[in-house]
Amino acid sequence: MTAGRVAVITGAASGIGDTCARRLSENGWRVAGLDLNPCKTDLSMTVDVTDRDAVAAAVDETHAQFGAIDLLVTAAGYDERIPVEEITRASWDRMLSVLLGGTVNACAAVLPHMRRQGSGCIVAISSELGLAGSEDNVHYATAKGAVIGFVKALALECAGDGINVNSVAPGPTDTPLLEPGSPWRDPAYLATLPLRRLVRPEEIAAIVAFLADEGTFFCGEVLSPNAGAVI
Amino acid sequence: MPAPLDDAPVALVTGAAQGLGHAIATRLAHDGHRVVVNDIVASDPLTELADRIGGIAVAADVADPDQVTALVSEVDERIGCIDVLVANHAAMAMAPFLDMDPATWWHMIEVNLSGTFRLIQAVLPGMRATGTGRIVIVASEAGVVGMRNATAYSASKGGLIALTKSLARELAPEGIVTNAIAPSFVDTPQLQVDAGDAGVSIEEIRSRSAALVPLGRIARTEEIAAVAAFLAGPGAGSLVGQVLQPNGGTTRTRA
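Sequence lines, in order, name chains A and B.
Letter 195 of the first sequence, counting from 1, is numbered 195 in my numbering, and no numbers are missing.
Letter 223 of the second sequence, counting from 1, is numbered 223 in my numbering, and no numbers are missing.
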């Protein structure tokens, strides 16, 4: 049923983006990966998501090669753990540019194609930190919270166009973003989670695939696979 | 539909004679579950559904503790312990708040909220024995954002959401995950009841409801059944105490 459908994934070179790309490929999707690093996708494009023109050009190239844009997954992101008084203007701006601006740029690039098709699905990867806050990375939590607000608004704006816009807000997930010494890998922290373990990237990919295939009545929804970190 | 495998997981779906429960049972069978369909009384539609999906039908009133115990015992004896519970049964009556008589109020709390409590108590020993389980509670948007002239129904559904979240915390360490679904407008036989209450045609009710939904239509039962099936399946293992809202965007008040 999904054979030949076309997905654009930002941040597809590693972590959640890479796992989503592999899952969708297994399901028969053709996948274009946009990342600063090379992606193991059908089409890989080196793009900085903060560069609106470059993102638009990459999406247009995907459409030119594959003939459609059916799904966008925005997974590009990075983390930086510093106390609020040490967050410089530059690091604040960069965090918002990549997480929020990158999401906006990718959505703006795919929407004309999806509107022309009269169908489409957008899944923005946010974070449970955007729902419930966090210590030591308030710029990250702020940007992810803004992504959630953006998704809810965009969902309403696109609801009449046959385009579903939703967000997946993962909890701490076992990806390279959580470095070996990360406090989220600390057994004392894991013991506080009702599920007692990190979220697996495959579980995020499964939810993304579900939204793309069968999430047809979700509109501005935030699904949060988070092992019970935020209930 | 091919017969399910003997070792396939067992799913119990309540309120399965029609509407959403019917669709969920059908979908779970399609996904390979052995399905037990339950409703308050035995009926031809319930039996026909069970026959068609290779499952079994067991009637029981979830408001009656003895009948709930008997239901789960019968399932245990006939096909084994329950791996997936989809609590979908509901009683629904509408009235302005001051016109709601206490008997009607308590009936909805009894069926919707306490009935689910009893079901979970009855199925948990089996889930604990296997160290795995999925509990899917069909709540309602009314339990999240409220619903005019439906205080009792909304209170029961809001109670189910709080139950979901608390139970999820309690059971997740054991490998049993609990989540809820909060649909809004769904194309079920309840629409016919709503149409009768409003004195209009079912088409009129469909179109009035669709006008309140940003997506411009009401949900098909299959769309909500897909959400239930996902929560019952392997991809949902890190969703703990979540309320999934396939509602077409109705969170914001439109009328």
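Hints in this document: simulated from the structure, not taken from any laboratory.
Just so you know, even glycine gets a beta-carbon here, dropped at the ideal spot from N, CA and C.
Certain hints may be false.
Coverage of chain A stretches by chain B, computed from C-beta distances (three or more under 8 Å per stretch; other residues unrestricted) [what the hints assert, rightly or not]:
(1) 12–18
(2) 153–162
(3) 216–227
What follows is a set of in silico ranges between Cβ atoms, one per label pair, in the way DEER data are often shown [stated by the list, open to error]:
(4) T47/B - L178/A: 50 to 58 Å
(5) E157/A - P125/B: 22 to 30 Å
(6) A198/B - A132/A: 35 to 43 Å
(7) T130/B - D93/A: 46 to 54 Å
(8) G67/A - R217/B: 24 to 32 Å
(9) D51/B - E135/A: 52 to 60 Å
(10) D174/A - G131/B: 16 to 24 Å
(11) P173/B - A90/A: 55 to 63 Å
In this structure, is the beta-carbon distance linking P173/B and A90/A contained in 55 to 63 Å? violated (43 Å)
Proximity test - 8 Å, beta-carbon atoms, the segment 216–227 of chain A to chain B, at least three hits: With 11 residues close enough to chain B, the hint holds.
Chain B over the segment 12–18 of chain A, status - at least 3 residues with CB closer than 8 Å: With 0 residues close enough to chain B, the hint is violated.
Taking 8 Å as the C-beta cutoff, is the stated coverage of the segment 153–162 of chain A by chain B satisfied by three or more residues? holds (count 4)
At the C-beta level, are G67/A and R217/B separated by a distance inside 24 to 32 Å? holds (28 Å)
Do the Cβ positions of D174/A and G131/B conform to the proposed distance bound of 16 to 24 Å? holds (22 Å)
Hint check for D93/A and T130/B - Cβ pair distance inside 46 to 54 Å: holds (52 Å)
Between A198/B and A132/A, does the C-beta distance stay in 35 to 43 Å? About 41 Å separates the Cβ atoms of A198/B and A132/A, which means 35 to 43 Å holds.
Range first: 22 to 30 Å. Now tell me if the beta carbons of E157/A and P125/B are that far apart. violated (49 Å)
Is it true that the C-beta distance of T47/B to L178/A lies inside 50 to 58 Å, as the hint says? Hint holds: Cβ distance 52 Å, inside 50 to 58 Å.
Against the range 52 to 60 Å, how does the distance between the Cβ atoms of D51/B and E135/A compare: consistent or not? Holds, since D51/B and E135/A (Cβ atoms, about 57 Å apart) stay within the stated range.
Hint check: violations occur at hints 1, 5 and 11; the rest are consistent with the structure.
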